[in-house]
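Start from the sequences and build out the full structure, keeping to the hints where you can.
Positions 37 to 178 (the numbering used here) are the ones given, in order, by the sequence shown.
Any given hint could be a false lead.
[Stated by the list, open to error] Subject to a maximum C-alpha distance of 25 Å in a straight line, what follows is the list of computed SDA-like cross-link-like pairs (lysine to any residue): (1) LYS172 <-> ALA132; (2) LYS172 <-> ILE110; (3) LYS172 <-> SER125; (4) LYS172 <-> LYS69; (5) LYS69 <-> PRO89; (6) LYS172 <-> THR117; (7) LYS69 <-> PRO42; (8) LYS69 <-> ALA55.
None of these hints come from the bench; they were simulated from the model.
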Amino acid sequence: MIRPGPLQRIQRIRARLTAGSPLAPEDAAILVKAIDAAIATGATIEMGLGLAPGWGSVLRRRARLSALQALSAIDEPDAGTRAFARQISRELALYAARQFRADQRSAQPPSGRSGMFFQLLVSNGGRVPSAESIRKILDLAG
Numbered sequence: 037m038i039r040p041g042p043l044q045r046i047q048r049i050r051a052r053l054t055a056g057s058p059l060a061p062e063d064a065a066i067l068v069k070a071i072d073a074a075i076a077t078g079a080t081i082e083m084g085l086g087l088a089p090g091w092g093s094v095l096r097r098r099a100r101l102s103a104l105q106a107l108s109a110i111d112e113p114d115a116g117t118r119a120f121a122r123q124i125s126r127e128l129a130l131y132a133a134r135q136f137r138a139d140q141r142s143a144q145p146p147s148g149r150s151g152m153f154f155q156l157l158v159s160n161g162g163r164v165p166s167a168e169s170i171r172k173i174l175d176l177a178g
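In structure tokens:
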């Protein structure tokens, strides 16, 4: 049996807690050990769970890239990355102003294009990335 990595473990713990379900005994033991280490030594709980420094930003970058790639696959930007980035930035600003807060309060994240915009904003701390930032992300991804 393959043991889960720290990220898979934390995602599993989160899913169980979100669902109001009890943790598996091994997950509960790992979480308690991480909390105890944080209290006793000042280490972070993340360190106790075996998560590398910066793990959260890695996840956010992946989420941003995933949403942008999904939008790019739908729109198939013929005019090039720069024009596509400007278009997405404009649409994202409109979504942020009109719908994002309501979607945050909803129990279910939106689907389709709004869902991709939602994922982009959540992964960017609620801020609309500039067209230049969007272009750079897409260019780096190749």
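Worksheet item: Hey, LYS69 versus PRO89, does the alpha-carbon distance stay inside 25 Å?
Response: 18 Å, holds
Between LYS172 and ILE110, does the CA-CA distance stay at or below 25 Å?
Holds, at roughly 19 Å.
Q. Is the straight-line distance between the alpha-carbon of LYS69 and that of ALA55 25 Å or less?
A. 22 Å, holds
- Query: LYS172 and SER125: Cα distance at most 25 Å?
  - Reply: Distance of about 13 Å is within 25 Å: holds.
> Do the alpha carbons of LYS172 and ALA132 lie within 25 Å of each other, as the hint requires?
Replying inline: 21 Å, holds
Practice prompt. Mind checking the alpha carbons of LYS172 and LYS69 for me, to see if they're no more than 25 Å apart?
Written response: 41 Å, violated
Notebook entry, point to check: Is the Cα-Cα distance between LYS69 and PRO42 25 Å or less?
Noted result: OK: LYS69 and PRO42 at ~14 Å, within 25 Å.
Would you check the hint for LYS172 and THR117, treating anything up to 25 Å between C-alpha atoms as holding?
-> 9 Å, holds
In summary, the structure is inconsistent with hint 4 from the numbered list given earlier, while agreeing with all the others.
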